[in-house]
Structure formats: structure tokens, C-alpha cells
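Chemist: Next come the chains, spelled out residue by residue.
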Amino acid sequence: MGARLKKPALAQSVALAIAIILSYAFASVFVYYPVTVNLSPVNPPIKFIGGSNANQSDLGGSNTIGVIIGPNSTSLTLYLHPTIQHNYYRDVSRIENTDSKAYYITVRVNTPAGLPSGSVARLLIYDAPSGGSIAIDVNLLTTEDTPTPPASPVAIPAGAVWRIDLYILIPEDSDPSGTYAEIQLIYSPSDETPPEVPP
Amino acid sequence: MKWYRVKKPFFISSLLLLILSSILLTPVFSSVFTYNPLVASLQPVPPPIVLQDPSIPGVSVSLGSERASASITVSLPYSYSLVISQDVIYYTTFDSGLPTNWVDPDPTCWGGSTTAWVRGSITCNANSTYEVAYYNTPIVSNTSTFYVGAYVRSNNLGGGRYVGITLYDRATGNYYIAAIGNGNRLNILRCVDGSCDLKAFATGLGLQPNT
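For the record, the sequence lines run as chains V and G. Take the first sequence: its position 84, counted from the start at 1, is 83 in numbering that gives the first Met the number 0, and no numbers get skipped. Take the second sequence: its position 80, counted from the start at 1, is 79 in numbering that gives the first Met the number 0, and no numbers get skipped.
No wet-lab data here; the hints were simulated from the structure. Beta carbons are placed, not taken as given, at the ideal position from N, Cα and C, and that holds for glycine. Honestly, I wouldn't trust all of these hints.
Unchecked claim - From the structure, some residues in chain G lie toward chain V, with a derived Cβ separation under 10 Å:
id	residue
1	31
2	35
3	38
4	43
5	44
6	48
7	51
8	53
9	67
10	71
Produce the complete structure using the sequences and hints provided.
Modeler: Shown next, in the form of C-alpha cells:
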């Protein structure tokens with residue numbers, strides 16, 4: 000009985016000894032290869048700019064169509080005040096390609112907006128400051144990329160200015176509350192599906 | 000047999016595949032993506048403009064819970080039907096005066112005979128050429144101005160003579176005439192401010208005595 004109990008203990012001891020020896024061996028020598036990474040920042044080729052209705056009067060008292068653009072024109076925050084039924088916000092912001100080449104755009108909804116059942120919230124990107132056609136139609140209520148892979152991203156030509164409209168529908172028999180959608184405007188010189196950003 | 004002799008073809012093909020793959024994959028791995036954040040904040044507000052029910056009789060309005068929608072139903076209670084209870088087309092009806100319940104602005108208009116003109120050139124409520132009498136109760140129920148009346152100019156359907164009916168607006172004195180006469184013609188006239196305009200006509204018609 001006593002001999003049977005000692006076998007596992009012996010095996011564990013041997014394994015531990017081997018592990019210690021091996022770890023000591025791997026930690027004992029290091030080789031250093033030089034790698035140089037040069038970073039040369041450039042001005043953002045794609046920028047947000049205000050639309051013709053940015054910061055204009057919105058529904059409800061002294062509300063305005065809040066459009067806040069980051070200091071480098073690379074971030075955008077919209078504050079909208081829709082009401083029951085159909086709401087259309089036209090030309091609240093614009094996307095400008097300041098470069099001499101085209102870029103491929105994908106819009107990614109990371110955090111969808113929460114609105115009552117039957118609601119619609121779409122971010123519509125038109126390929127012109129006025130008029131034009133819908134280039135990208137983003138559903139703000141779903142986590143997804145637009146265009147949805149395998150569809151290719153949409154090219155914004157060099158020097159082009161695109162328009163951002165929003166369409167919000169809130170059903171009448173509902174009780175909506177404040178919400179927001181977190182989105183990313185992703186652009187690349189290549190027309191590939193953008194990867195996930197590492198945490 | 001040396002190992003490299005056996006593996007040489009495999010080695011070369013693998014090397015070529017590796018080079019080819021690296022060429023093909025180079026653009027993929029050279030991609031660069033930039034992520035610009037965009038936040039859309041939605042703060043719903045009550046509708047600043049709401050619909051109301053004006054409470055108009057005959058109009059049913061169903062408002063939504065937020066008064067941002069309305070279903071409107073308009074009921075039309077009036078059915079327009081023309082019922083002529085008096086045989087006013089036959090010209091002899093008026094030869095001996097107005098039928099019961101018929102009135103005329105000038106009672107002397109309608110004292111004609113059975114053989115001659117109905118008071119000849121009488122002028123009742125129209126111009127000297129056309130004479131109109133009307134029934135005392137409006138036939139079209141939603142207006143107080145339209146009457147079905149009798150138009151009689153002559154008991155002779157010869158040239159320049161007519162019998163028929165009229166839609167007469169007592170308020171304006173304007174009227175429509177549908178009359179047969181003037182050489183067996185059916186004429187439809189529109190008379191405004193005493194001036195009549197022939198709108199349509201047909202020929203070869205006639206009348207039968209009301210027996």
C-alpha cells in the first residue's frame with residue numbers, strides 16, 4: 000500500500016526537476032537583432048468637415064444639430080434630437096479626401112444605437128455635397144461593416160467631398176430614450192476588408 | 000541515393016511557391032487602414048408640432064398617441080339624386096297656369112292658354128326670350144339655390160320655339176336649359192347674366208302629347 004502511494008510523488012519530483020533545469024537553460028542566453036521602425040506622420044488625407052446644417056437649429060426648444068469635429072478633423076461627434084415619426088437630417092457633416100489619390104472607405108458600427116422596436120436609424124453617405132447618389136448606407140442599429148464583406152469598400156476619389164445625412168424613424172407608439180452609436184470611418188489605399196483593431 | 004537528389008525537385012518547387020506567394024501577398028500585407036471615430040448621439044424629443052381634431056361634423060379624425068399621425072375619414076352624407084315628380088317637360092302643363100306647389104316671381108307670367116304662347120313674351124325671372132318657373136322646394140337637398148324648373152317659350156315646336164326643363168339658380172338668375180323645339184331640335188343652353196350660349200344640340204326630335 001505504502002509503495003503504491005510513493006510512485007506518483009516520485010514522478011512529480013522528476014518532472015519538476017526537469018522543468019527547472021530546462022527553464023534555466025532557456026533563460027540563460029539571449030540574442031539581440033536590431034530592428035528599426037521609422038515613423039513619419041503625415042497629415043490625415045481623409046477629414047471630417049462641417050455640413051451646411053451643422054450646428055443649426057434642431058427640434059425641441061433651443062436644441063441644435065450638434066456637430067463636433069476633432070482638432071485634426073479625424074473624429075466626429077453628432078448630437079441629434081429626432082422626434083416621433085420620420086426625421087431626416089441633411090448635410091450635417093462632410094467627408095473630404097484631401098489627397099491626390101483615391102481611398103477606400105468602410106464604415107464600421109461598433110456600438111449600435113438602441114431605439115424602440117420598429118425604429119430605423121441610417122447614416123447615409125452621399126457622393127456629393129448636394130444631390131448625388133448614396134455611396135454608403137449604414138444601419139446604426141446593427142453591429143456590422145458597410146459595405147458588408149465580401150463587398151469591397153467604396154472608393155472616394157481624390158479631392159472628392161461627400162455628404163453625411165441621417166434618417167431616423169421612431170414609431171409613434173413607443174417611448175424612446177437617449178442613445179448613441181459608436182462608429183468608425185475606416186479608410187485605406189487598398190480596397191480590402193479592414194481588420195479588427197487589436198485591443 | 001543522396002537526400003538532396005530525392006528532395007531537389009520538391010525543394011525547388013517549394014522555393015518557387017514561396018517566392019510566388021510572397022509576391023502575391025505583398026500588397027495585402029502592405030495595406031494600411033486608418034480608423035476615424037464617429038459618434039452619433041440621438042436624444043429624442045417630443046414632437047414640437049402636433050395634430051389636432053378640429054371636430055368638424057362628418058369628419059372622423061383618429062390621432063396617434065403622440066398626435067404625430069392622424070387617420071382622417073370624411074363621410075359624404077349627401078347623395079345627389081334628381082327626382083322630378085312633376086311632368087314638366089310637356090309644354091301643355093303650363094298652358095293654364097302653374098301646377099300646384101309651383102311658384103313664380105311674377106305670378107302673372109303663367110296665365111297662358113292652350114293654343115297660344117304661354118303668355119307670349121312674358122318675362123318671369125329671366126330675360127325676355129326665356130321664361131323660368133321653379134318648384135317651391137329645392138330638389139337638390141344640400142343647396143338652397145338650385146331648382147328644377149320648367150322652361151317654356153312656346154306650345155309650338157316650330158322655328159325659334161322650345162319647351163323643356165331648366166336647372167335654375169334663384170340667387171344668381173343663371174340657369175341651364177334642356178329644351179326641345181326650334182325645328183325638332185334638342186338644345187342644351189347655358190344662360191349666365193341673361194345671355195344664353197348653345198352648348199349642344201341634336202336634330203330630328205319630337206314630342207308626344209301627354210295623354
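Chemist: Each hint needs a verdict: does it hold in this structure or not?
Modeler: Hints versus structure:
Interface hint at residue 31/G: satisfied, since its Cβ lies 6 Å from the closest Cβ of chain V, which is below the 10 Å cut-off. Here the hint on residue 35/G is kept, as its CB sits about 4 Å from the closest CB of chain V, short of 10 Å. The beta carbon of residue 38/G is positioned within 10 Å of a beta carbon in chain V (closest approach about 5 Å), and the interface hint is therefore held. For the restraint placing residue 43/G at the interface with chain V, the shortest Cβ-Cβ distance is roughly 4 Å, inside the 10 Å limit, so the hint holds.
Annotation: interface hint on residue 44/G holds; nearest CB of chain V at approximately 3 Å, less than 10 Å. Contact between residue 48/G and chain V, as hinted, is supported at the beta carbon level, the nearest pair being about 9 Å apart and thus within 10 Å. Proximity of residue 51/G to chain V is violated relative to the hint, the smallest CB-CB distance being about 15 Å (cut-off 10 Å). Because the closest C-beta pair between residue 53/G and chain V is about 20 Å apart, greater than 10 Å, the hint is violated.
Given hint, residue 67/G at the interface with chain V, holds; its Cβ is 4 Å from that chain's nearest Cβ, closer than 10 Å. Of the supplied interface hints, the one on residue 71/G is violated, with its beta-carbon coming no nearer than about 16 Å to a beta-carbon of chain V, more than 10 Å.
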